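Asks: Chains as they are written, first to last, in the working numbering: chain P, 3 to 645; chain U, 873 to 980; chain F, 46 to 560; chain H, 37 to 226.
It is possible that part of the hints are untrue.
To be verified - Estimated spans, in silico, between C-beta atoms of each pair:
#, chain 1, residue 1, chain 2, residue 2, range
1, F, His-405, P, Thr-166, 23 to 29 Å
2, F, Val-234, P, Ala-638, 36 to 42 Å
3, H, Met-149, F, Ile-109, 43 to 49 Å
4, P, Lys-600, F, His-73, 45 to 51 Å
Rather than coming from a laboratory, the hints here were simulated on the basis of the structure. Quantities reported herein were computed from a predicted structural model and do not represent experimental measurements. All C-beta atoms, glycine included, are put in the ideal place defined by N, C-alpha and C.
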Amino acid sequence: MDHSVLMAILLLSPFIGFLINGVRYKQPTYKLSGGIATAAVFISFICSVLLFSDLVGLPADQRKIHVKFFEWLSVDKFKVDAAFYVDQISGIMILIITGVGSLIHLFSTEYMHHDKGVTKYFSYLNLFVFNMLILVLGDSLLTMFVGWEGVGLCSYLLIGFWFTDKEKAAAGMKAFITNRVGDAAFLLGMFILFSTFGTLNIQEINSLAPTAVETSWLGALTLGTMFLFVGATGKSAQIPLYVWLPDAMAGPTPVSALIHAATMVTAGIYMIVRLNPIFIVAPNTMMVIAIIGALTALMAASIGITQWDIKKVLAYSTVSQLGYMFLAVGVGAFGAGLFHVMTHAFFKALMFLGSGSVIHAMHEEQDIRKMGGLKKYMPITHWTFFLGWLAIIGIPPFAGFFSKDEILWMSFHSPMGSPVLWAVGALSAGMTAFYMTRLMCLTFWGKSRVPKSVHPHESPAMMTIPLVVLAFLSVVGGWIGIPEVIGHTFGHIPNYLGDWLAPVIRPIPNLAPADHSLEWGLMGASFGIASISAFVAYHFYVKSPEIPGKIAASIKPVYELVFKKYLVDELYFKTIINPLVEISRKIWFYIDVNFIDKLTYIIADLIKGGGGVTRSLQTGNVQVYAMYIAIGLVVALSIIIIK
Amino acid sequence: MPSSSFLTDISLNHYLILSSVLFVIGMAGVLLRRNVIVILMSLELMLNAVNISFIAFSKFTQNVDGQIMVFFVMTIAAAEAAVGLALAVAIFKRFKEVNIKFFEHLRG
Amino acid sequence: MLLSTVIFLPLFFALVMTFWPQQRTLRHLALGFSLVEFLISLMILSEFDIGSARLQLVEKITWIERFGIQYFVGIDGISLWLVLLTTFITPIIILASWQSIDTKVKGFHACLFLLQTAMIGTFLAMDAILFYVFWELSLIPMYFMVGIWGGARRIYATIKFFIFTMAGSVLMLVAIIYMMYLTQQATGVMSASLLEFYKVQIPFVAGTLMSQQTLLFFAFALAFAIKVPIWPVHTWLPDAHVEAPTPGSVILAGVMLKMGTYCFLRWVIPLFPDATEYWSWLFLSLGVIGIVYGALVAMIQPDIKKLVAYSSVSHMGYIILGLFVLNQYGITGGIYQMLNHGVSTGALFLLIGMIYERTHSREISKYGGLAGVLPIFTIFFFIITLSSIAVPLTNGFIGEYLILMGTFKAAPVYAYIAVTGVVLGAAYMLWMFKRVFFGEKGELVKDEHHPLHDLNLREIVVMVPLVILVFWMGIFPNHFLNWTKSSVDHLVNNKSKYYLEIHETKVAKGIEYGN
Amino acid sequence: MTPDVFLFWFLALLIVGSGLAVLLFTNPVYSALSLAMTMVGVAAIFITLNAYFIAGVQLIVYAGAVMVLFVMVIMLFDIKSEVQAFTSGKISGAMKLIAVGLLSGLIVGGIIMGQKSFVGELSKDAAAQVAEANSAKMKRAAGADAATKELGVALFTKHIFGFEALGVLLTAIAVGTVALARSRGGTHAK
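The following block holds chain P by itself, in its conformation from the complex:
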């Protein structure tokens, strides 16, 4: 089939699904709505596969399918087309989006069946996929921005899906506005790049990037990429704009899986990977990205340890993992970042869907203190979740191990990395292992603390099939990117992903050849840290559940601070939002009401007063009027005579 037709179907299929479900938004027929939506995304998935296979068929240096539909906006020299292209990077992304997307749609069909707004839900979900595809495929930054804002919008709609709850509506708003901060920075980044390169076309920028020379430590490239990165921190929930993501768990769980774990939140990393040629020539930005990524990974992981809400734990875990990805791209390991995007999409989607299955079984209970011992009630969920757990804490040969290890190795080895970054990364890997094990223990293992009124049960097949598929992917997903050191040892297994991405990823300058023994050592160290903390967690939460409480009590202030998420929300409220609202009130009251209006009143009063004075001259007495005539006469004559 012609590529433009394929591309059109790929993009429009979810959009048409959105329209169909959008028009019949009141229907409660969840099977039909879910069917339409899943089919729409599945058609996209097929198109993606076809496009991807076409891409594979092309020679390595020409792997690019570019389709232009129409000229979108052209003013003077600024020209943006409604054009899309698939290359090695976006090819992987569309597979993830439509593949994981169809699974999650399928899961949702069952999960949301009791909800009245199920059709509306599916229309939003399809709209999201549509926007995500635009984001990923757009051939210019502006087209990407269309999807960028579009997914933010869908996220807003889906987080606030149960809008009758004030908190949830507020969470949606928070997500959108926080994202908007990032978007504003993204806009500025685009302006700077346009001023520098005279185009917003991603390929043109990438090909021009090596010729650009950074003149100062904060030149156009650094500034531009920095702003783009701020945009990415908004979308991908990094410090300082990560605050919306934990709140975003107010949305339905499949949404958290699709949008807030697998796809949308990785848009920031995707954007940086796609623009890697300009990021690599802005080392200052790269440093900032790596530091922010590492800090986010550490901070979110530490918060994750203290949370009691199953989805909150996963949310902080997502923030932490996203931090990893930024750490990766920050040290120049773009391929590793994208690799982790992919594996993370598998196992985090799996875990979110698993948690959805649990929540579903527990009748909307999300507090892990009221769970425990669910293993025997829901075996499939447990086992799939178990595999996801192994993947995320980095047990070989599960998916997470390879991607995470590559990131840690690169953060040490890359000239842009440093041992400190590695240490932070390894520490957060340990924390990840700890809180994930804690989650496993409290939810599935140990004694049951389920209230009497709740009778947990395994979810129906429509929900477990996606779990199984994702679990499978979480196991094998990492095998396409087996690092050279392992591949070499086990008989020349190639790093498929690395080779695939090589033409579009700019290599790290001055990269020393890898020292295999050091790599093995670090790998062992990080694996050791992860397994020890997993073991400790198991001991704490299954064997002797009283210990964590004691530890928490002994370091109460610190625990409280972490449990309350370092009070960042409160800080933002205190230092930004409340003052802003207060200032708004003040400027309105003092400037509009009491200054400008008062001023106009004063002018009016002056005129009125002037009128009053002249009015008092109108005594009504004819003789006084006559006197005025006489005075006028005197004045006129005086003037004549004096002249």
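Since the structure of chain P is provided, determine the placement of chains U, F and H on it from the hints.
Replies: Relative to chain P, chains U, F and H alone:
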């Protein structure tokens, strides 16, 4: 202008000064008196003063137009007196008052 | 005769309205008339030469010979869409006011048509005096519209509106007369033609207020700034909007404010290039202040309509910013934003009017949970909200993006500040949206005795064209921008010595051309 | 001192004196009589200026008709000597007096100084020139009859429009006066 000839040599200026003095007297009457009728009389004085100037000019420029103007002025003065007095009568009939102070309906 | 027809047909309609004997068929007649007017105005598109920057469809008749005053109208890419916006929005207003205006219906429609004549005339007039006549004429129907069909404090609002606007216009009249005098000095013939004005070189001295060009610049700019309104002369707008009836608000926001920005583009920038260049920092600053200030103040308004009114201040700040950066992006964006604002803010006022008809309140705090009760209304409101906060693929994005990009190219500092408006805009709109539509049902919404009804067919018909336009303009901006391109290029490329020629082959038939 | 010089001074004193009397008498009847005296004086001045016809008209219209009107009205009102004949406002009174004083000073000063004021210029140079230009007419208008004739000719040729307009005006005045006199006074009907 030497004072000796001022008394003996009657020029246009003499008439004009006479006219202006009479005019000012009339104006003083209009401004200062309270009785509507006296004010009307003062108005007549002013008109007469102007007439003197006209005639004087007419004489000294040998132009008959000045006299015609006086003729017009007198006619209008008569008309004005008639109307003014009619108004005074009307007002007096209504308010039993001729003091101008009582008629301040034009107060702003 | 096409332009004259477009200008004066509504005047004729207004007369017919005034003397129409039947109350019952009045609205239908008005709707029909406005549609006829819209269709005729569409004919401009077919007559218009898209590739030319010249003044087209010119009609020129001597009016007052002695002072060189003519009846002189013409259209180019800058005014084209504004005229169409005016004719497009009138039938919508008539349909929207079907039930809300129930007193003095005749007078209302007559006012509306009179206003239409005045507004179109303002956009098309190429003679200063003719322009001034239309400019002032537009005040009168608006004055009555707010004063007669307005809310509780309508007299206060209408007088404020009138006096603010008049205060500016008077100076402009002086400036126009002085311009005519200057034209006579320069060419020997007194003329009020804008095209002649363009040819005059007005002395300019940098660094002082007391040079001729600067004074004229400010005399014109003040009049337009009040109309726009630019901060700090904006305070009449919230009051006028709050007190105006829905149709009044829609016209005010949709078209009348654009008269100010359009005139900046038609009169101020080309006529006084040096002063514009020299003082652009002032207007850029005021524009930026307007953006941020309007957004902040909008955020804390307890009244939906006032909130939208302040959001207008913010949006108009963008337009001013775009116009005064003096490059293609900014000016194109400015023109586009004029249309966007007309469509989206007009639609917002229409929607607020619809809900006001149901609940008779605009207090945000009394609402809540509307989304569950009025889903169709919510969908429309949400789409328009998106357009207002400039989400891509809606019209607002194109305008805002081009303006910000133009600003960044010309003066990055302003862009850095203005971009906060993007965030604040989302903040105030979504916060309002949350409080009105989400959460628990507010006291007005849960009132058992007066259950709220969702939009009826008429109201949907009112909204649909606007929504279509929102997306059309967002997805295919080139359909609109292609028409304005030549004119904008011409303006930017010749900004230091602007001139405008008459498109000879597009001179209306039967009109003698030439002085 | 020639007779005509004496006559001028005598009449001037008479006119100013009786004019002041109009102003100063508190009794309107006396004022009216003084006014009549002034009118007669003015008529006499007219004669000294060779305006015989106008002097006659002055006597008939003013001293006759208008004065009769005044006296009639005073009689009608039955007004006696007034306690408050003059306005009482201190500031306005002072201002009025100052205005009047200044005005008279200015006019007289202007005339006497003669140099710069327009009155003076006309009185000296221009008057002489105009007089010369009109000398031909002067010759024709030697006697009183001739002067009157010339007046009549001018009135009915050059100024016919004004004359007719006056006729209309007088008709209107006659009607208006009657209407006013018949009305119950003012528009503030109770």
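Asks: The structure should be examined with respect to each hint, and the outcome stated for every one.
Replies: We went through each hint and held it up to the structure:
no.	hint	verdict
1	F/His-405 - P/Thr-166: 23 to 29 Å	holds (24 Å)
2	F/Val-234 - P/Ala-638: 36 to 42 Å	holds (38 Å)
3	H/Met-149 - F/Ile-109: 43 to 49 Å	holds (48 Å)
4	P/Lys-600 - F/His-73: 45 to 51 Å	holds (48 Å)
Every hint, counting from the list given before, is met by this structure.
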